[in-house]
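Sequences listed follow chains X and G, in order.
653 is the number that this note's numbering gives the last residue of the first sequence; the numbers go up by one with no jumps.
868 is the number that this note's numbering gives the last residue of the second sequence; the numbers go up by one with no jumps.
Note that these hints are calculated values from the structure, not bench results.
Be aware that a few hints might be false.
What the hints assert, rightly or not - Examples of chain G residues toward chain X, derived with CB under 7 Å:
hint : residue
1    : Asp162
2    : Lys231
3    : Ser238
4    : Val271
5    : Ala303
6    : Pro305
7    : Thr744
8    : Lys859
9    : Val861
As the list claims (entries may be wrong) - In the SDA-like style, the derived pairs of lysine to any residue whose C-alpha atoms are separated by at most 20 Å in a straight line are:
hint : chain 1 : residue 1 : chain 2 : residue 2
10   : X       : Lys538    : G       : Asn865
11   : X       : Lys341    : G       : Gly260
12   : X       : Lys50     : X       : Gly557
13   : X       : Lys215    : X       : Pro193
14   : G       : Lys762    : X       : Gln553
15   : G       : Lys804    : G       : Lys864
16   : G       : Lys678    : X       : Thr150
17   : G       : Lys483    : G       : Trp450
18   : G       : Lys445    : G       : Glu596
19   : G       : Lys396    : X       : Gly557
20   : G       : Lys864    : X       : Val536
21   : X       : Lys49     : G       : Pro695
22   : G       : Lys797    : X       : Val536
Keep in mind that this is a model prediction, so the values were computed, not measured.
Yeah, the Cβ is synthetic: ideal placement off N, Cα and C, and Gly gets one too.
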Amino acid sequence: MKKLLMGMAMMTLAQYSASAQLQTSDPEGIVQASFLKKISKKAKYGAYSIERKIHFGTDRGIMGTPVVTATEEGKVEMTAIQNKAFMGYLLPYDQFVKLKDYDFQIFYNRAFKSQRYKPVRVSLTDDDTYLDDSYGEFYGFTAGESGQRCRFTYDYEYSDAKYLTRFFFHQGYPVKQNSISFTVPSWLQLDIQEENFDGYKIKKDVKKEKNQTTYTYTAQDLPAIKEEPASLARPYFLPHLVITVRSYTVNQKSYNGFKTLADLYAWDDFLYKKCANNPKVLQNQVNALLQGKVTDEEKVKAIYYWVQDNIRYIAFEEGYAGFVPMTVQDVYKNKYGDCKGMANLMTEMLKLAGFDAHFSWIGTHDIPYDYNKVQSMCVANHAICVLYLKGTTYFLDGTEKYAPMGINAYRIQGKTVLVEHGESYKLETVPAARMEDNLILTKAALQMNGDTINGHVSLTFNGESKNFFHYIYHNIPSDKKKDFINQLVTLGNPNAEASNVQTSDFKDRDIPLVIQGDIAVENQITLVDKTCYTGIDFFPGSITQFIPGEDRQTPIDMNGVLLSRDEISLQLPNGASPRFLPKAFEASFKEDSMQASYKWQGHTILLTKSLQISTPVINTGDFTAWKLFLDSIKTFNRNNISVNL
Amino acid sequence: MNRIIATIAILILAGAACPGAFSQDRITAKEIEINNKNLKSDSLLLESDADFKVNTDSRKGEDISAVILCQKTTFDFDKKGLSVGKRIGRNLVGLLWALPTAGLSIYAANDRNDTRMLVEETERKKILLKDKSAIENYSLLYFRQTTDGDAFMARVIKKDGSEQSVDLEDAVRVEDAHTVPSAFRSYTEPKLSSIYRPTYFKIAVPDLEEGDIIEYEYRHFNTKSYTNNPQYKEFDPVYYLCNRELPVVRQIIEVATEDDNYFVTYKNEKGAPAFTESNASGKKVYRWTDDNRDKLKEIPYVDNLREYPSIKFQVVYARNRSHDLIWFKSSGDMQQDIAVQDLAVKARAFWFQSGKVQNTGDYAAGLSEGIGATVDNIYKAMKKRHSTDEPDEVYAQKAYYSIRSYTLYDNWSDYAFAKVFSGLLIKKHLDHDIMVTSYNSICDLEKVAFAQELSWVVRYKGKYYANPEEHGNPEDLPAYLNGNASVSFPVRVDKEEPKTEVIPLSDTSENMLYTKVSASLDMDGLANITVDKTVQAKGLTKDQVADDALALTPFMETDFRNYDGTGMWEGMTAQQSDKAMNDFQQQKKDWKEDKPKMMKAEAENEYSASVEKYIDFKIVDDGRSFKKRSLKYNESFVLGGLTATAGDDIILSLPALIGRQPKITKEQRSRTLPADVRFPRTILYTIAFPVPEGYTVKGLSNITKRLDNECGSFTSTAILKDNVLEIDVRKLYKVKNITAAQWPELCAIQDAGYAFSQAKVVLQKNTSK
């Protein structure tokens with residue numbers, strides 16, 4: 009509380025103690041503010057106009073041959089919609105995309121005036137990365153009144169147009185007009201792929217001139233895109249352009265950019281080969297791991313699981329380190345690396361063991377592009393090892409700790425994989441996700457004893473849910489693991505106590521994970537005269553967390569497919585019989601569905617439930633149907649049973 | 100399911116995880132060279148240190164994540180100025196600020212050189228990593244390179260005993276020092292601020308496996324500045340619990356000094372070992388060693404410093420070698436409890452020597468000027484407002500609220516408050532007493548060792564005036580003073596002996612939290628309950644709810660009314676106040692949007708249910724004025740998840756509307772330590788629920804309970820009146836302190852409350868006859 013008050017006091021002081029930027033609003037700004045307010049009512053500021061102009065040139069590349077370079081001139085005009093709006097713009101850059109120049113101007117007395125103070129340099133490294141070269145220059149100021157304007161201008165230089173991959177139109181604030189133009193000289197074959205344009209007002213102009221053609225895309229009236237929970241990755245639904253240099257001519261000689269997938273592969277492979285592996289240092293370790301292993305599968309697992317268990321994820325991504333794997337000797341020595349390092353290590357270890365293993369590139373679930381359709385650096389953000397063994401292709405991911413051989417993480421399922429094969433490549437596809445592969449089975453055999461319910465619970469996890477369990481479990485300190493397991497056995501019910509808990513061997517990745525134990529549940533039965541009310545649907549389903557709010561903008565991504573089955577039985581005391589059992593239930597939404605039924609058999613009430621999630625993505629247009637589906641599940645979840653004693 | 104797994108895991112891990120840090124530039128060759136140079140002149144991780152010979156832990160069992168095999172923290176106090184190099188550096192800083200400070204900063208920068216005490220602090224840790232979680236926690240180490248002499252070294256000791264140094268070549272600068280885990284920050288390091296912005300690096304530890312030992316040591320040089328050359332100076336006391344976040348095989352604290360004018364005063368409690376004093380290599384060394392401690396357990400209602408073995412110590416500098424300690428004649432004396440009467444005499448002496456002692460420690464913390472100047476300024480303002488013409492008691496109240504207008508924004512020490520308030524009373528020649536007590540969460544009065552452990556209160560005409568902090572009123576006594584033994588003396592300097600007495604313990608009628616709930620069932624789906632809730636808190640219960648209730652509300656807007664101020668912007672020029680007012684209007688607008696979101700999240704946490712819609716929140720009385728001391732607020736929202744159906748019958752979790760109740764786990768039931776519930780109190784709830792037409796409410800006997808014992812009581816009744824179900828709940832905590840023998844009685848009260856909150860009532864549909 010005091011910190012908030014201090015902040016308030018400081019804010020108050022800041023207004024009159026330091027020199028504030030000189031600024032005035034003007035009629036033009038006020039009009040702009042009103043337009044922006046129509047787009048996003050609650051926004052504090054917006055961009056009335058964003059213009060980006062891309063030009064191309066050439067320079068000598070890392071391989072010694074000419075490469076296409078690019079420059080981007082940008083101009084962003086922002087307007088305060090509300091009073092006291094803090095407006096700012098961040099210019100990200102790294103080793104390959106350099107910020108050559110920038111200026112920040114505030115409108116004052118009929119003109120924009122350049123500001124003399126420097127921007128704030130911020131690191132844009134995410135929490136998962138140990139080191140990279142992503143920075144940003146940030147300019148901002150507090151606009152005193154609605155209608156006050158500022159302008160950002162900048163020049164970027166792309167040392168290689170390979171890194172000029174995508175342009176989006178939307179921002180985190182409303183935009184009246186966003187235009188991007190590409191002036192493509194005649195010596196350059198540039199591919200501009202339009203993604204997700206349907207439903208958006210984006211105009212394309214093509215202006216042909218003697219030695220160049222200018223393509224201009226202009227999008228209008230773009231609302232602010234908010235960060236929302238469980239949001240589908242933006243490239244799936246926001247309009248954007250994917251840029252690919254296909255080929256170019258310099259001094260009458262023709263060069264391929266990424267004309268075909270083979271060219272993209274050649275570039276990836278070039279970077280891959282820059283890593284000077286010395287696999288000999290791994291031989292002793294490989295030999296030790298293979299000791300006593302008989303079958304090929306045993307040998308592969310020994311190596312795969314060793315990499316998963318012993319190599320921590322620590323990512324160095326500065327400059328070319330973001331593309332060139334760390335050498336196997338360094339990864340092995342440090343016992344840490346990123347996905348490239350782990351894939352590199354695993355590949356070399358498997359090769360030493362005599363297996364047909366290959367370093368491979370892949371895009372995870374966040375990336376919608378397929379190598380068959382898009383040949384650009386933005387297709388891949390991950391590396392794995394592909395193994396060919398006895399006619400089966402295995403996708404071995406060192407970053408997926410505890411994933412068993414042959415089971416792929418959801419985030420790579422269905423994705424195309426670019427597999428290194430020396431001078432050539434192969435394209436494989438990770439099998440698509442099947443809900444049956446991600447199974448959660450809950451069985452509970454319960455008895456009603458007075459006002460307590462006792463029984464035995466068994467949980468079985470297989471697939472992604474098993475991997476997720478392991479990931480959480482092994483990161484919990486040992487003295488807290490027991491509590492975690494107990495809470496799973498009690499299905500998170502605070503009124504239940506677990507005892508006699510047993511588990512499958514957690515060290516064995518290849519078997520389903522089973523946790524079971526006895527539970528005693530109190531405060532679960534309401535007795536009214538000779539009637540008991542209770543609920544035995546302990547696991548009502550966390551799917552209802554994905555109900556979209558009224559003003560939700562972005563599609564929902566549940567990030568997984570799932571098959572969940574519950575079998576709960578409740579044995580009644582002698583002489584007791586059900587007074588009310590809920591009717592059978594069924595509801596569906598596309599390929600998602602839930603079925604449940606209560607049955608009375610002998611002395612036992614049996615609840616069977618099955619939840620299938622095969623459509624994890626809910627588009628905004630389907631929200632109404634989705635909410636109906638969830639509401640019907642919520643209604644069913646509220647069912648209790650009543651029993652006559 | 101993943102969400103449940105993750106949620107459970109988050110609850111388990113709360114507080115245990117280290118935050119991630121932004122990475123920045125790599126460490127430069129020069130920075131590595133500096134570290135190496137500093138190591139060369141004074142190495143770390145010395146093999147010769149016999150304390151660090153231990154490499155194993157005898158603990159059996161798999162439920163141990165990591166073990167601190169040995170941890171040693173050393174402080175070397177030496178009142179010397181800085182090196183020449185650092186002086187130049189400081190002048191650069193002075194130059195930067197010279198313009199706005201009209202050159203004074205340069206002067207101050209140099210002047211301070213003669214009043215700085217340099218502390219060399221090292222910490223060496225050797226930790227056995229037994230599971231993956233421990234590996235993750237120590238995968239990254241952090242080190243500082245900010246002052247001349249800072250150094251760091253680390254190594255991994257493999258299971259086979261071989262050692263691998265951690266090469267700092269791949270270290271990366273940390274952009275935000277706030278993200279550096281506290282394990283790598285020294286005790287004597289200044290707080291992070293715009294003035295103190297240290298450079299930290301992080302380094303990924305290579306080749307770390309379960310069963311390995313990570314060992315690291317850092318050396319920091321920190322300085323403490325004073326405004327003049329002191330004769331006597333106290334460093335902040337250090338409180339050290341023997342039981343830590345991990346099991347410990349051995350832990351050591353050493354305080355060393357070449358200068359004879361430094362010494363350590365300490366007190367060891369609950370069986371913790373004592374310091375030993377020796378001379379080594381021309382230094383006086385105080386050493387504390389403690390062996391074999393289990394991990395600190397999380398037990399509810401425990402004051403750790405009171406109940407667990409601990410040592411508290413303070414480093415003191417006194418030019419006069421007579422060791423004229425304020426409270427004790429000698430360090431040896433400190434090991435005994437101080438006779439309260441003796442403490443009373445010393446406290447009075449301390450009070451009246453304030454001018455002399457003010458610079459010896461941070462007693463006047465929070466004041467921007469000296470005590471006298473602060474008193475004069477406030478009095479002057481009060482005079483201008485004619486508050487000085489008011490009747491004496493009203494004057495005292497307004498003086499109190501005038502001080503609160505400061506403590507609302509700044510933390511004042513209790514001593515600073517008492518001195519200033521007393522000064523204001525003296526201005527009007529109003530006789531009053533000064534009361535001195537301890538913070539009851541730390542220790543009892545007879546166990547006080549340091550002046551910093553005392554809390555100061557003023558009593559005027561039988562009424563108590565304690566540090567108001569943000570929301571206090573005259574006569575409010577915070578929980579940490581409640582029921583404490585104290586000493587008092589009149590402020591008139593005469594021969595009257597100080598008295599010992601007990602500060603009143605407020606009772607269950609003075610501390611009351613009353614929640615009135617009107618709830619109605621949404622008949623359209625039978626899924627939601629609309630709740631209208633009014634909360635009224637008085638006494639110490641107000642302190643428990645005030646922060647959350649008043650957060651994001653403009654309560655400070657009317658603060659000036661309590662002391663006849665003219666407005667929130669008093670003292671500003673017209674232009675300044677215009678701007679400030681505009682800013683504040685915008686702030687209020689933001690708060691209006693944010694407050695419902697905050698309260699929605701709180702309600703969801705309180706009721707473990709979803710808030711389908713948060714309708715309104717309103718502060719009725721903010722409880723910050725003398726005449727309206729109770730806090731009262733109202734909120735309304737729609738709750739889902741509290742209803743179930745069985746055919747035509749509806750099962751309602753109406754009792755859940757009393758909010759989350761403490762649940763005593765099986766492991767917590769057996770207990771050897773006493774419990775401190777902070778203060779006696781009454782918690783009342785009334786829930787009114789109109790029974791929908793066509794239904795009969797049943798199961799009322801399930802929610803009718805009565806339990807009464809020495810520790811407390813829990814009573815709940817449910818009656819139907821004019822077809823409105825009225826549920827009344829009354830929970831009492833009768834006492835503050837509960838012995839271990841009484842613990843089962845408190846458990847019974849908590850069990851009753853918890854069981855009630857989980858109970859349900861049934862609406863049975865009337866069948867037509």
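Hint by hint, here is what the structure shows:
1. Asp162: It holds, given that the least Cβ distance between G:Asp162 and chain X is near 5 Å, below 7 Å.
2. Lys231: holds, 5 Å
3. Ser238: At 6 Å from the nearest chain X Cβ, G:Ser238 passes the 7 Å test, so the hint holds.
4. Val271: Holds - the Cβ of G:Val271 comes within 7 Å of chain X, reaching about 5 Å at its closest.
5. Ala303: Holds, about 5 Å.
6. Pro305: holds, 4 Å
7. Thr744: Status holds, d = 6 Å.
8. Lys859: holds, 5 Å
9. Val861: holds, 5 Å
10. X:Lys538 <-> G:Asn865: holds, 17 Å
11. X:Lys341 <-> G:Gly260: At roughly 17 Å apart (the allowed maximum being 20 Å), G:Gly260 and X:Lys341 satisfy the hint.
12. X:Lys50 <-> X:Gly557: Measuring from Cα to Cα gives roughly 16 Å; hence the hint holds.
13. X:Lys215 <-> X:Pro193: Status holds; Cα separation ~12 Å.
14. G:Lys762 <-> X:Gln553: Distance ~26 Å between G:Lys762 and X:Gln553 Cα, so the pair is violated.
15. G:Lys804 <-> G:Lys864: The given pair, whose Cα atoms are some 26 Å apart, is violated under the 20 Å limit.
16. G:Lys678 <-> X:Thr150: Holds, at about 13 Å.
17. G:Lys483 <-> G:Trp450: violated, 29 Å
18. G:Lys445 <-> G:Glu596: holds, 11 Å
19. G:Lys396 <-> X:Gly557: Given that 20 Å is the threshold and the Cα spacing comes to 41 Å, the pair is violated.
20. G:Lys864 <-> X:Val536: holds, 13 Å
21. X:Lys49 <-> G:Pro695: holds, 19 Å
22. G:Lys797 <-> X:Val536: OK: G:Lys797 and X:Val536 at ~6 Å, within 20 Å.
The structure fails hints 14, 15, 17, 19 (numbered hints given earlier, in ascending order).
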